[in-house]
Structure formats: C-alpha cells, structure tokens
Amino acid sequence: MSAPAGSPRPAASARIPPRLGGAGASGAAAPAGPGPAPPQQNGPAQNQMQFPSGYGLHPQNYIAPSGHYAQGPGKMTSLPLDSQHGDYYSGLYTVPTQNVVTPNTAGQQPGAQQMYGRVLPAPHMAGSALGSFPGATSSASHVHTSASVNHHNSPAVGAANSSVASQGFPSTCGHYAMSTVSNAAYPRVSYSSPPAGDPYGQQMFTSQNAPPVRPIRDNSFSGQNTAISHPSPLPPPPPQQYHQEQSLSGYSTLSWSASGLPSTQDNLLRNHTGSLATANNNPTSPVADSLSSSVMQNVQPPVSSPVVSTVLSGASSARTPAAACHPAEPAASVTQPSELFQQKGMQYGDYVNNQASSAPTPLSSTSDDEEEEEEDEEAGVDSSSTTSSASPGPNSYDALEGGSYPDMLSSSASSPAPDPAPESDPTSAPAPAAAQPSKVAKPFGYGYPALQPGYQNAAAPPGAGPPSASPVYSGFQQYAQQYPGLNQLSSGLGGLSLQSAPQPESLRPVNLTQDRNVLPVTPVWAPVPNLNLDLRKLNCSPDSFRCTLTSIPQTQALLNKAKLPLGLLLHPFRDLTQLPVITSNTIVRCRSCRTYINPFVSFIDQRRWKCNLCYRVNDVPEEFMYNPLTRSYGEPHKRPEVQNSTVEFIASSDYMLRPPQPAVYLFVLDVSHNAVEAGYLTILCQSLLENLDKLPGDSRTRIGFLTFDSTIHFYDLQEGLSQPQMLIVSEIDDVFLPTPDSLLVNLHESKELIKDLLNALPTMFTNTRETHSALGPALQAAFKLMSPTGGRVSVFQTQLPSLGAGLLQSREDPNQRSSTKVVQHLGPATDFYKKLALDCSGQQTAVDLFLLSSQYSDLASLACMSKYSAGCIYYYPSFHCTHNPSQAEKLQKDLRRYLTRKIGFEAVMRIRCTKGLSMHTFHGNFFVRSTDLLSLANINPDAGFAVQLSIEESLTDTSLVCFQTALLYTSSKGERRIRVHTLCLPVVSSLADVYAGVDVQAAICLLANMAVDRSVSSSLSDARDALVNAVVDSLSAYGSTISNLQHSALIAPSSLKLFPLYVLALLKQKAFRTGTSTRLDDRVYAMCQIKCQPLVHLMKMIHPNLYRIDRLTDEGAIHVNDRVVPQPPLQKLSAEKLTREGAFLMDCGSVFYIWIGKSCDNNFIEDVLGCPNFASIPQKMTHLPELDTLSSERARSFITWLRDNRPLSPVLHVVKDESPAKTEFFQHLIEDRTEAAFSYYEFLLHIQQQICK
Amino acid sequence: MEVVVFVFSLLDCCALIFLSVYFIITLSDLECDYINARSCCSKLNKWVIPELIGHAIVTVLMLISLHWFIFLLNLPVATWNIYRFIMVPSGNMGVFDPTEIHNRGQLKSHMKEAMIKLGFHLLCFFMYLYSMILALIND
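Chain order of the listed sequences is A and B. Residue numbers are given in UniProt numbering: position 1100 of the first sequence equals residue 1100, and the series is strictly consecutive. Residue numbers are given in UniProt numbering: position 74 of the second sequence equals residue 74, and the series is strictly consecutive.
Because the hints were derived from the structure by calculation, they are not lab data. Since this is a predicted model, take the numbers as computed values, not measurements. Keep in mind that a hint or two might mislead.
To be verified - From the derived model, a few chain A residues whose C-beta atoms are all more than 10 Å from chain B:
| # | residue |
| --- | --- |
| 1 | 560 |
| 2 | 710 |
| 3 | 748 |
| 4 | 771 |
| 5 | 886 |
| 6 | 1175 |
| 7 | 1236 |
| 8 | 1251 |
Stated by the list, open to error - To give an idea of the interface, some chain B residues facing chain A are shown, with a C-beta separation under 8 Å as derived from the structure:
| # | residue |
| --- | --- |
| 9 | 29 |
| 10 | 31 |
| 11 | 38 |
| 12 | 89 |
| 13 | 93 |
| 14 | 98 |
| 15 | 99 |
| 16 | 103 |
| 17 | 104 |
| 18 | 105 |
Idealized CB from N, CA, C, for every residue including glycine.
Modelling step: build the complete structure from the supplied sequences, incorporating the hints.
In structure tokens form, the structure reads like this:
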C-alpha cells in the first residue's frame, strides 16, 4: 500500500542538487520533505510489520497507551513526550539501563515475550483508535508519536488487533528469545506501564540520565519502568536485512521513493537488522549483493556490537549505562541471528498477509494502514515543514532499545497502567523512585523541572549515576543546556573527581632534557576525551574523526594562551567493518542548521529534540517515533541515528541534483617515447585486465581510453565493432571529440573490445619517436568527454608537458637541491591546471595523477589538477619497469588497490560545528565551494582532510561541543548515500585541562598541513620557523602555568612530551628539510601527501616505527586470523639503538626497510632471509622468502600484519649495513644529528634557549 | 582647467565607489553562500584591473595638476592596488582565487579591504566635490 504512495512522491520531489545542506538545503528541503516522507511512511509500515516481533516486547507498553489513546489524543501526545525523554536518556544513558534490566528479566524472557504478544494487540488497538483520528493530521501526528505503527493498523485492526497480534507475536517472541537481553526485558514488559518505571530505575542507576526520561511517564505509571527497559533491547535485530532491501529499492534510484517507499521502509528496518547480523543477510542476500558495499557495512558492525550488549545485559544491572547504549543495539542485533532475521522476513510476509486477510493482527495491519496514513501525513508535513526532519521517523532501523518507547506509550496510554512490577533487578528498586517523580512530572511540559528534584532524589539512592540523570530529566525543556550539564555532572561525578584529586597522567610534568625515553614502546593511541562514559561510548571513532584538543578551550583567549593549534582531522570515507545503514523516508535534520540528528542531541520530550549545534528545538517526525530495530514506537532516542555517531543514510531524491551518475572511468595515458621507454603501459594494462571485473560499478559502468603524445588518440570501442578503432586528433589547439558517443562505452557490453585494446596497447607504440607530450589538450579532451556524466579520470604522465595549453618549463635548479636558503617553485607555474580542475570539479569529474618520471616534471603545477578536483596523486620517481623493479612492484600494488577500492561520485562534504566555533581553513584535496561545503568530485577511502577552527564566541554557556561531517555521495551502485560522523568534546575553562587533552598526533598533522600552506604561500624557511615556534610557544606557555618553575629544565606535560620529537621529525621530513639534497618533485610530493593523507598514515610518514626483528618472541603477541603476530617494542629512531648484531624493521608507511647489521646472527639470516651469511645477502632484496622456520614465520606474520593495516601495500627493502641504500634508511633516524640538522637533544636545547629568551 | 580636472576626478571617484560597493556585495554574497567561490572570483577579478587603472588615473592626474596633498593621499592606495596585483602567485587565477578565498580568513580580509576603500573613496569624493566647487567659484 505504502509503495504506491511512495512512488508518486518521488516524482513529486524535485531533484535537488547533491548538496549536503546549508543554504541550498532550505529550498531543497521543502521538496525533499515530501519525497522522503512517503518512504518513511512506508518505512514505518514495514517497520510495524516487522515490529510485530519487536512489538511483542513493546506491545505491553502500547497496550496501555492504546487505552489511553482511545481516550484522547492529547494523552497520546503527552506520552510521546515521555518516550522521547526516555529516548534521550536511552540515547545517552538508556543503554546501560537496558542492560541492567535485561539481566534481571533474562529468566523471565520467554514468558514476557508471550506477554508482549498479547500486549501488542493492545497497542494495535491503540493504533486503531489513532486510526480514527488520522483524518486530522495533527491528531495523527500525535498518534504517531505515541504509537506510530499502531495508528496505521488501528483502523482496520483495531478490534482484531488482539487476535492478530497474538499470531504475530509468537514469531516475534521467537526472535526475542534469540536476544536474551531483550527477552528478559520484555518479560517485564508484560506490565506495560511498569516497564517505563523500570527503565528509569535502570537508567537512573546506570546512567542517571536515562532514567529521568522515562520517569516522566513513570509518573503516571510508576510501575511501568521495567517495561520500558525491556523494549529497548529487542529492537536491534533486523537492520541488515533492511539495508539490503533498501538498497534494492534504491536501485530503482530515481524512482526510489516511489517504488522504494515500501521497500525503503523494509530496508530501513533491514538496515538495522543488517547491521546486527550478517546472518540476516540470508533473506536479503540477493539484495545485498546488488548493494554490495552497503550490505557489507551493515552486516559487520552489528555483529560485534551485539555481543557486547548481550554481555552487558548478562552483566546485569551492574553495567553502566554508557557502555550499554552502543552495545545494546549491536547486542540486539547479535541476539537476533540471521535466523531471526529470516524469521522476521517471513514474519513480515505473514504480517502483511495477516493484515490483509484480517485486520486483527495489530502490528501488520497497523503497518499497512500506517504506511498510508503516514505517507499522507508526511506529505502534509513535508510540504508544511519543508525539511526532511519532518519525515524521518519510520525507519529507525536499529533502535537499540525499544524499551523506552514502550514505556512512553504505556505511560501515555494511561498513567494508571498497572505497573506490572518493578523489576527484580536492583534497578527496579530505583525505578520506583523514579516512577514517582515522573508521576509528579506528568504534565511534561512544565512538569519536568519539578520532576528533577524528585527525580534526583529518587535517583540519588542508586548512586552517583542517578543524580546526573535527574538533571537531564529536568533538563528536558532546558535540555540543550542540560545536556552539557549532564556531561559535566556525570563527569563531575566521575571524571571531575579524577581530575581534581589526582593529577591526570596526561598532565604529569616530564622533564624532556632528562627523560631520554619519551617514546613509548607501544604505538601511541589517540587520547580519549574527558567525557562521561555514556558519551564516550557513543563518540565517533578516533580513526575517522580527531580533534587536536580533546578538551575545547572555552574562549579564543584561552586557546591563544595555550598556543596550540585547534583543528579537526578527518578520514570520513574510511573502509569500515561496521556501519549502520539507515533507510528512512525522512532523514531527521535540524531545521535551521541542517544538522543530522545524532547521539548528542537532547530530546526535550518525546516529540521534540534540541539541536546540539544551533540549539534550535525541532519536532520529532512521526516516522522517527518508530524504531524498526526494536519495532517499538515512541522511542526516538533508541533509533540507530541516535545510537551511533557514525551512520550512513540512504538518501532520497531530494538529495540529488540529477539522477545518480553511473561509474565512469577514463584513462588518459602518455604514450610518448619517454613513456614507452619506462614501460608502465604493460603494468597498467595487466592490472586493468586483472581487475576489470572488480572495478566498482554496476551494469551502467562506463570506461574509456585516451592516449596522447604530440597528438591525441581516441579509441572507439562501440559495441559491434570487430576491433577497437583508433582516432587521431592532431589539432591540439582546439581539441574536439571525433565521435562523442562511442568513446566512453559500457564496460559490460564492450568488454571484449576493451580487453583487445588492453592487450594491444603496450605494443602499439613501441617504435614511437614522438617525444613531445600534449598533456594539456589531452586533459581538455578528457574534460569534454567526461563532462556530461562526471566520473574519474586517471592520468598517467611521464614527463613535462611540452605542447599546447598547459605546457611547462623546467624550473628546478639541481644545484639548489640541498640549499639551506630559499626553496623556490613550490607553487604552480600556471593556473591552467587549477582552472581545469575547477572545471572538472564543476562537472563532477576528478582527475587522479600518476606521475612516473625519471626527471623533473613540475609536480607542483601538475598536482593542481588533482588537488582541486578531489583526485589523488601518486608519484613514482625514477620509474622503470625493468631497471627499477621495486617501483614497478609498487605501481602494480597501488594500481590493484586503486582500481578496486570503494569510490564515491559527485560527493560533497559539509562540516558543521557547535555555534561559537568556526572553521577558517581546510586542508586536503577538494574545492571549497562555500564556507563549509567541500566539493568532492570523487571520494576515496584513502583521503584524509584537516580543518582549522577558531572560537568566535565564548563557549561558557555550554559544556559540550559537537562536530559533524556529512558526506553525501553516489555509490558506485548508483545509490545516493550520506555518511555522517559526529564527534562530541567537552569544553574546559582552565589551561591545565586544555593541556591535559592535547592529541599530540593530531596536532602535529595539523601543523604539518599548515606548514605546507605556509611553504607555498610564503617560504619554506618561514614554515620551518613556524614549526619550531609552535613547540617553543606551547612549551613556554605551559611552563608559565606551572607554579614551581624550573628554569633550568624543559618541562612538558605528559600529553605533549612527544611534541618536540614529532616537530623535529617534521623538520627532517622530505617536505620541510633543508640542507639535504632533495629533488623538488620529491619535496612537492611529500607536501601533497601531508595534505591528503589520513592521520594514521601521515604519522608513519612523519615518524616511522622502528622494531627489532631478529629476536621476535610470542610474548605479548596478538592473534589475528589464526596467525600469531608478535608485537616487538618500538625503538627510538636513533642509531644508538641499532646494533651490529641485530636486524631492524623500519615502517615508514609507504615503504619498509629491513636493516641487517654486519654481525647479525647467521641463524637469523639463514632462517629469515634464506641466505647462508651476511655477505651473500643480495643488494636488492624486496621479498622475504617463505621459509618453514619459526623466526621466518614470525617475521613474515609481523610484516604481513603491518601491511594489512594500510591501503597501499608498502614495498620492502632489505638494506645491508654496508650497502649504498643504507643512507635511505639512516635519514629516517630522526633523533640523530645530521650535517644539516639538529639531533633530538640539540633540538631540545635549542628550544630551551628560545624559551628562555 | 581646474574645474575639468575635478569634474573628471569626481566622476572617476563615483565609479570607484560603485565598484567598492559591488565588491562588498559580491563578497558578502559569497559569505552568505548565495554564489559559489568560482563565479564570485571570476566576477571580482574582472574588475581588479579597471579599479587599478581608474585609481591610477586620478592619482596621476593629481600629480600632473600639482595637487600634492591629494596626490599623496591617493598614492598609498594606488600603490597597494598595484602591489596586490603584481604579487599574485603565478598559479593563482587572480587577486581573488576561488581555491584560496575560503582559507585563512582571506574572505574577511578582502571584505575589510573593500570597506576601507569605500571609506577612502567617499572621503575623496567630498574632497573633489569641495575642490570642484572652489574651482568653480574661483573661475
């Protein structure tokens, strides 16, 4: 039913450009709203269908509500509010509570489930009641909030609900049974109203925050607490399946919303489930296949997390809320194995049937009805409200915890709802208390404040946790502010005490000049923000999102005092093993700042949420009230969007300017004499032939080739030709396309021709004598070819362009390579490539540059074509396929990764931050289209970005700041997707706290980016001075804050102890070093890498890791895929650590060196290198032989493990102590003195001198 | 003769005022995200040279007509215009570069510059007006 409705919407919705948000958003939003809405409705309907199982849990709650509903919509609405509170809490805190609850209920689960089943009918009933209301949108909306699913069903189902529900439930029960935790909770649920109270108790205990939310309802239903908590556990299961389905629907793409609507709902649900269990895939697998990427993401994550949640629940109440939240979803998912999912799928079908056949099944019927109704409502809402936010509801995939919603419902339904019983758990005890307060609060609107005190009181007994919760509670209205407050409170309870009493480790003063071993033996991890446990668990992974200061200073003055850079480092499109994918008709966003709903928003009540970036209060769309994961209604805080700080949305047509483009690849190949001589064509064609089927894309994938020397050669690969036709255009001053239609061809239709061409290409130009290179015209031709669709252009160039537009002259003076004075020509020589890149970027085309030259090729100019079109740059100095086998091997490996890695097309990325902060400079490869919108023609998983921040307004009225990046892209399957990361950090007011929270690696990476900019815009020496000054300033600023000033010593806080070392490493990096012979292209390439590499890889480049590998042991080894991987300690990068008796591995990120000492143990050489003695080790060894010895196995498994952790496989060089290649190795020993640079100790003394000046 | 010089200066100054206002409007459009950086910069770069020439002409005119005070007043601004134009890096697309304008607060400094110029031109406008009237009276 919903489906039809959905289809129309798509048509209606205007295709909006692929903007993430911002200015364009408002206009787009309006159209979008309607579009999304239908899906949502559908989504909800499906959800409902699915929910039955989930509902079973919740149902109890619903039942109570249903009665209430019947009584009056007003009550319904009030209930929703409660649920929101619950959600809010749950988001932050609920998880723990759920966990707690679960343990208690575990035993009861089965019974409870059954109970639910019965209960569910009741909800349906409620829904029916609602159904009567639907006519009035407002009423409908209310209903939705309270029990969105039910509403739909309600009309038909109403009476039948009970019977139907029972049918539906059994299956659900089964599901639940799977998830022990949830089940346990459910049992309690049977007391529909009581559960809410329980949750409180749980929440209170665990996370304090969570409880308050529920309490409100509890007030009415004091006894209900437990019920609420239970529901939450249930929801998680179905995600994956949904995703898959969604993706399928998505395929229809353009028509998504229309055809997809129903499916989308399913998808959403599936997404949740999908994430939960790979098992889920089974049902959806076909879909998943098509979706491929999406599916994978979904599946993996859920599994792991689920386990956790289960554990938590098992842990019983003891668990703290924070942990519980994240895990809870996963747990639920986990618990719901694939079987469950399958069942669900089955159930869905059943439900539908049920509904169709007999209104009775409340869930099923409701779902259908709801879908329709919702669609209507949504449509109305959309039009009126404009934003996607209006429509978000239905698809909440993975709402981890359904519990809160049910509670809400129950409470809303009728305060009288019997409190089945406070749970047996310890939480139950607190719960009652909470419930009481909630009762008081009952009038949600104003009641909250009042509740707080009561709540706190109630909560207080349980422990510290509760107090924090209570504030939140009262805060609902105040919530936005409260939120931070909560953190503070929580942190105050937990973290603050830590801070004040014992000095945190990160502030321990370290005397750098005396402590010679500042480098830890284990890799340096990102510091954890000083947040409360709940937020910490919810926070974005440091791999994707890091801030240089994990404690944000309150004012710019404080930041200036600290003399540290403030900025973000992003790796937004990282390959993720687990990612919740959400298919929702409505993507909930703030109406004023367009922020996506995230775990750090505050729910003021069930129907409203407060944006954590701009503090605007927004409505919770009806669809969002339904949690597909738990199949519960009224728990917006348990939806996956609010439970995960990294999520991916399947975007509707509102997020499109045009139909999603197909994957289009164009290869522009240099075939001049120089290129043929280097022989890269063989490697490229070979790699392409091998990976032709693995190129990301769908049936629409197109591919084309273009070669050039002094002329431009096109290849007509039109299907039907017997062999590829080469078309030569020699008019390079005004390039034209000879046959515009047949140069980019469908990969699948013309595969044979393409293979023929690839086989022929390497030999086609063997006798060429053309030495000129008309790169500029070739790029113009490529641009013309690509501009209708957009896509990726891969340019292979081997020399300076010497003809036509964009020709370049050699600017490098080889005598200046080791100059310590001025390094010139770091900037581009012409704006041709920049203009071209901007043109390409405007047409959604990215240009990737592979520069394989043996002499100066002016990378500084050429790199512009990639820099501003969001491409990537690869540089292979002295490339030759036979003379330089290691480069050839590297090209081969890089190409394999390059051709097969994920890719996103026509992408834009917007970064938002809390009001008061502003971004002023961006680093990376992209074009900044407006103040906070980065235009990325292509996005790849290896791209990193950096942003500099300033504090424009004082942050004194908030204790938390959030950053959100939203990356909108078209997947290679033609799906429009939005990946959202949200990072939450505390605000501090003291300098000591700022220093305690420094992320030294992030700071150094940001400084490196800033230094590159400075080098280009000013001069290299300026940049070097700025780097040194960064250390001097920050350490002297710190020195002035500590009372017992030791002027004789160089003191740094423990968090900054590596700062001088890293800066020294930067100064000795190719990009910034002086005095050592460095080719200009090498230098520029290093700068390009600094700009566009993600932090993890960049850190290895700046400060390599050194390990001793001739004595690997299993001590502290880790197990990966049944392999034992030894973990040798990190060594200082100093020759003093090298002994002639040892062998050392240096991991420089893109290259490994194994240095073999002259007196190295012959056993090691024989066992690992396969040579009898030191003298017989070959000069150019790039592989470790596979020998059947223990030490060989250890060494290889260690190296393999290191390699697996990075996208581009590094090349291995075995360096003998006496070989000429050892200079390469020794130049990375940055703690040692070189002719032109300080040793580490000298550097410290230099800094100290500067400080004392 | 005096009158002709000041009438011309007055007209030229009006044009420069309008140009400054245009710069401010366009930059604030960019700030508010109404236009994209690319079109903003190509619009503005088109007028950088006219502005430079327009201002240089007045300056030279004042020198020729021996109005030392006004000449010295105009000299720093004219010099700044020329310096800014000459110092554009070879790889940039003009004084306003779309890839740079959002970085390092460039937008703000451009805006500030346009504001200052507007103020300066307004000042000059009244000065020319006064001088013109004076010249007319003297005639």
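Evaluated hints:
1. The non-interface label for residue 560 of chain A is consistent with chain B: the shortest C-beta to C-beta separation is roughly 15 Å, beyond 10 Å.
2. Interface exclusion of residue 710 of chain A from chain B stands, the closest Cβ pair being 25 Å apart, more than 10 Å.
3. The beta carbon of residue 748 of chain A is kept farther than 10 Å from every beta carbon of chain B, the shortest such distance being approximately 36 Å.
4. For residue 771 of chain A, the non-interface assignment is confirmed: its Cβ lies about 26 Å from the closest Cβ of chain B, beyond the 10 Å cut-off.
5. Every CB of chain B lies more than 10 Å from the CB of residue 886 of chain A, the least distance being 33 Å, so the non-interface label holds.
6. Distance check for residue 1175 of chain A against chain B: the nearest CB is about 51 Å away, which clears 10 Å, and the non-interface claim stands.
7. With 10 Å as the threshold on Cβ separation, the claim that residue 1236 of chain A sits away from chain B holds: the shortest Cβ distance comes to roughly 28 Å.
8. For residue 1251 of chain A, the non-interface assignment is confirmed: its Cβ lies about 27 Å from the closest Cβ of chain B, beyond the 10 Å cut-off.
9. Interface hint at residue 29 of chain B: violated, since its Cβ lies 10 Å from the closest Cβ of chain A, which is beyond the 8 Å cut-off.
10. At about 7 Å, the closest approach between the beta carbon of residue 31 of chain B and any beta carbon in chain A falls short of 8 Å, and the interface hint on this residue holds.
11. At its closest, the beta carbon of residue 38 of chain B sits 6 Å from a beta carbon of chain A; the interface hint therefore holds under the 8 Å criterion.
12. Evaluation of the residue 89 of chain B hint against chain A yields a held restraint, the C-beta minimum of about 5 Å falling below 8 Å.
13. Against a cut-off of 8 Å between C-beta atoms, the interface hint on residue 93 of chain B holds, since the closest Cβ of chain A lies about 5 Å away.
14. For residue 98 of chain B, the shortest C-beta to C-beta distance to chain A is roughly 6 Å, which falls under 8 Å, so the interface hint holds.
15. The beta carbon of residue 99 of chain B comes within 5 Å of a beta carbon in chain A, closer than 8 Å, and the hint placing it at the interface holds.
16. About 5 Å separates the beta-carbon of residue 103 of chain B from the nearest beta-carbon of chain A, less than 8 Å, and the hint is met.
17. At a threshold of 8 Å, the smallest CB-CB gap from residue 104 of chain B to chain A is about 5 Å, leaving the interface hint in force.
18. At a threshold of 8 Å, the smallest CB-CB gap from residue 105 of chain B to chain A is about 5 Å, leaving the interface hint in force.
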